[in-house]
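K.L.:
Could you build the full structure based on these sequences and the hints that come with them?
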Amino acid sequence: MADLSINFAGIKSPNPFWLASAPPTDKEYNVRRAFEAGWGGVVWKTLGLDPSVVNVNGPRYGAIYGADRRLLGLNNIELITDRPLETNLQEIKSVKRDYPDRAVVVSLMVPCEEWAWKQILPLVEETGADGVELNFGCPHGMSERGMGAAVGQVPEYIEMVTRWVKQNTRMPCIVKLTPNITDVRLPAEAAHRGGADAVSLINTINSITSVNLDLFAPEPTIDGKGAHGGYCGPAVKPIALNMVAEIGRNPETANLPISGIGGITTWRDAAEFIALGAGSVQVCTAAMTYGFKIVDEMISGLSQWMDEKGHESIDAITGRAIPNCSDWKHLNLNYVAKAKIDQDLCISCGRCFAACEDTSHQAISMSEDRTFEVIDEECVACNLCVNVCPIEDCITMEEMAAGTTDPRTGKVVEEEFADWTTHPNNPAAVAAE
Amino acid sequence: MTRGTRIDGIAAGRLEAEQYTQNFGDLYTPLDRHEAQVASDRCYFCYDAPCVTACPTTIDIPLFIRQIATDTPEAAAKTIFNQNILGGMCARVCPTEQLCEEACVREAAEGKPVQIGLLQRYATDTLMGRDTHPFTRAATTGKTVAVVGAGPAGLSAAHRLAMHGHDVTLYDARPKPGGLNEYGIAAYKTPEDFAQAEVDWLMKIGGITFKHDQKLGAEIALDSLADQHDAVFLAIGLSGVNALGAQGDTLENVTDAVRFIDALRQSDKSAVPVGRNVVVIGGGMTAVDAAVQSRLLGAENVSMVYRRDQSRMSASTKEQDHAAHEGVRLIFNAQPVAVHGSGAAQQVEFEYTVDGPGGLTGTGETFQLPADQVLVAIGQTLGAVSVDLDGRKIAVTGAGRTSRDGVWAGGDCAAGGDDLTVTAVAEGRDAAEDIHAYLSA
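Quick note, the sequences are listed as chains R and G, same order.
In this text, residue positions in the first sequence follow full-length UniProt numbering: the first is 1, and each later residue adds one.
In this text, residue positions in the second sequence follow full-length UniProt numbering: the first is 1, and each later residue adds one.
Take these hints with a grain of salt, some might be off.
As the list claims (entries may be wrong) - Stretch by stretch, here's where chain R covers chain G in the computed footprint (C-beta under 8 Å, at least three residues):
| # | segment |
| --- | --- |
| 1 | 77-83 |
| 2 | 99-113 |
Claimed, not checked - Simulated restraints on C-beta separations:
| # | chain 1 | residue 1 | chain 2 | residue 2 | range |
| --- | --- | --- | --- | --- | --- |
| 3 | G | Lys318 | R | Ser303 | 45 to 51 Å |
| 4 | R | Pro84 | G | Asp26 | 18 to 24 Å |
| 5 | G | Pro30 | R | Gly310 | 51 to 57 Å |
| 6 | R | Glu126 | G | Glu110 | 33 to 39 Å |
| 7 | R | Trp305 | G | Phe45 | 43 to 49 Å |
Unchecked claim - Partner residues aside, some chain R positions facing chain G, computed with beta carbon under 7 Å:
| # | residue |
| --- | --- |
| 8 | Pro218 |
| 9 | Ile317 |
| 10 | Phe353 |
| 11 | Pro424 |
Source of the hints: derived by calculation from the structure; they are not laboratory data.
Being a predicted model, the structure only gives us computed values, none of them experimental.
No residue lacks a Cβ here, since even glycine has one placed at the ideal position from N, Cα and C.
P.N.:
Put into structure tokens, the structure is as follows:
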């Protein structure tokens, strides 16, 4: 049986599944239930200084749906905890006392002044919490007050505040990054320079989920107006994966632990974040959609996969995909593939044909009896047909063996690797060694 | 089961009042908005979709389903009505399992097609519920067209012709318009007087004058219609029925199923007499409709006997399953030899058959079924009409042109095509377009 336990930047947890700082971790009642359900840890919903913030009294969430109203993306305009600091601290202490084996990390957001951090850190430390997470990510509301993403968008501020925190507490410090920047490596480097023990990402993405066409106002609408919110859920996973990989690939931050966040819904999502360098993962939208019970599937699925593949621990798989995260210019141009349609699986919907004929390379033929076949002479292996086919594995990309001739180009497929850096069409090409 | 079902002979009122209401209510529950959204999500929006090819009226099914999915069922209905003005009725009576839904790629993928029929009903019910008519009539052309027969083909043609600005006089032999929709199909397929509501809605296009109780060859004649109008469209259906041709077929309570259904449709169900033991002879939709409705009226035993094997039955598997579910006993490979009884029918004698290369032959082995009532549903025939025939139906070329200049025909009375509501609608529409081109030339 694979060992799912982790030691993430000094914070121990029986499994890598943590609930992210958000409404599910806003109070003792929820967190106790989450731990009973099997979650390995929580990041307590962000604490601030009293007086506590207030939330809107209208809708806080907006949604994007897939088929059958499957929730794909969620947007929120909720702020940090709106409960008194002391209430939260007492509850954190109570929970941690009863669940010593679980990770309890406390998210913090206070003004960008050292006195504020000096004031709150000892209070958190006193609860027995395992670490703190600095919320430099919230893109709405708090950022208007110079906190959250307003800090996370300025690397110098990140470095400065992180340094204050490290100077004022013994607790491990995770810096939570905003994706609302152009290059996520810079804030990660800043956190690293400031002494952060880890980074977590991504926080939510600036978004308007929809527009109410009767009111001509963004959703969620409060008394006829809307404000941008933070986007999360399955729809943001690809963006989050890339950002996690960027930090993992960057030599400056290569050894900085990462807590992966962004649309994690199943064990497979979690495994993908771990493969790209995450040492723990944080979940929110999936729990908000389906409840705490989803962690059962995450644990069983990850365990089964690790057992089947012979991976003994989370450490053994963390970052395993990083060496294969390359740049376009280093992709092998001598790798040639062709789409292949399995006629036994094909249901003749013709979506591959419409996609290829209308928007790609006219590389699929259609017969009178609705048989769809790939025209190898035209196929560039773009994969669009695979992506639009409703039947799994009906269309596959088959690699052409070296020595065979690509009917599209008339060229023999070469065994040797050759990328753009050596391609004759590249004005900056260098001769192959 | 109530005591009423065990009364011998033919009797009305075998059931309690609420049982009639329940039995003759909607056969299929319509989709609500949520269900329609879920069902529409399943459509793959196929290229050159097979369902469209399979639809006799060529409705753009992927488009209307996408319009439902995007919460514009009114636009979906317009897509349907553009091709099939009786899309509401067709959503109820089409054998979709043999047409669009059989062709659906999800039938191939999972054995569960997209619920095209129910989605069509959702869209058309939504728009028809608005009580507005989605089409406007072109400026009047001054041309007049006689449409003979106010069934699906005639209504379809009349609407299309009126829309193009022609003045249509719609004649029917019966008191009410609708044809088989009103008189010929099972009540549970079109409850709450949908057939008349649909005609009323269709007539809102304007320019159509309905004349009832006008039978071709009696009150009206083709020659005079052709003289009085610029064109004539014959949609007279099949007014005759094939006789059983077996000994005893003139005994009391041996009737044709078409008449039985006709009377049932126009009556309070509790007033319709039905036998304790009913035998229906035939293997088509009319036979199923008669057999099932006999059960729903409270007949204790209903058998439906077809002379060939099951695979040859024209009633679809779904219809057969429905009949079996309602407790109808299906018997195959048996042909009627004689109806026995003194005065009224008491038993029907059948002989088993073998359907070989040389045709249908009797095996000599016979059996008898008790029968207070025998309903014959072995096909309908064309009434007398003075145009050339092709076999037993009116010969047509192109879009319903008959041998006589200026006279078109479509629907069940015309040769070619299946005898389906949806086929009749398509033929009426296409003939109307051809007449319009002819009148515009």
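K.L.:
Confirm or reject each hint.
P.N.:
Here is how each hint holds up against the structure:
1. 77-83: As far as the segment 77-83 of chain G goes, the hint is violated, because 0 residues have Cβ atoms under 8 Å from chain R.
2. 99-113: holds (count 4)
3. G:Lys318 to R:Ser303: 45 to 51 Å: Since Lys318 of chain G and Ser303 of chain R have Cβ atoms about 46 Å apart, the given range 45 to 51 Å holds.
4. R:Pro84 to G:Asp26: 18 to 24 Å: 59 Å, violated
5. G:Pro30 to R:Gly310: 51 to 57 Å: 55 Å, holds
6. R:Glu126 to G:Glu110: 33 to 39 Å: Violated - the Cβ-Cβ distance for Glu126 of chain R and Glu110 of chain G, about 59 Å, lies outside 33 to 39 Å.
7. R:Trp305 to G:Phe45: 43 to 49 Å: 34 Å, violated
8. Pro218: 19 Å, violated
9. Ile317: Result: violated, 35 Å to nearest chain G Cβ.
10. Phe353: 5 Å, holds
11. Pro424: Pro424 of chain R check fails; min Cβ-Cβ to chain G is 39 Å, beyond 7 Å.
Hint check: violations occur at hints 1, 4, 6, 7, 8, 9 and 11; the rest are consistent with the structure.
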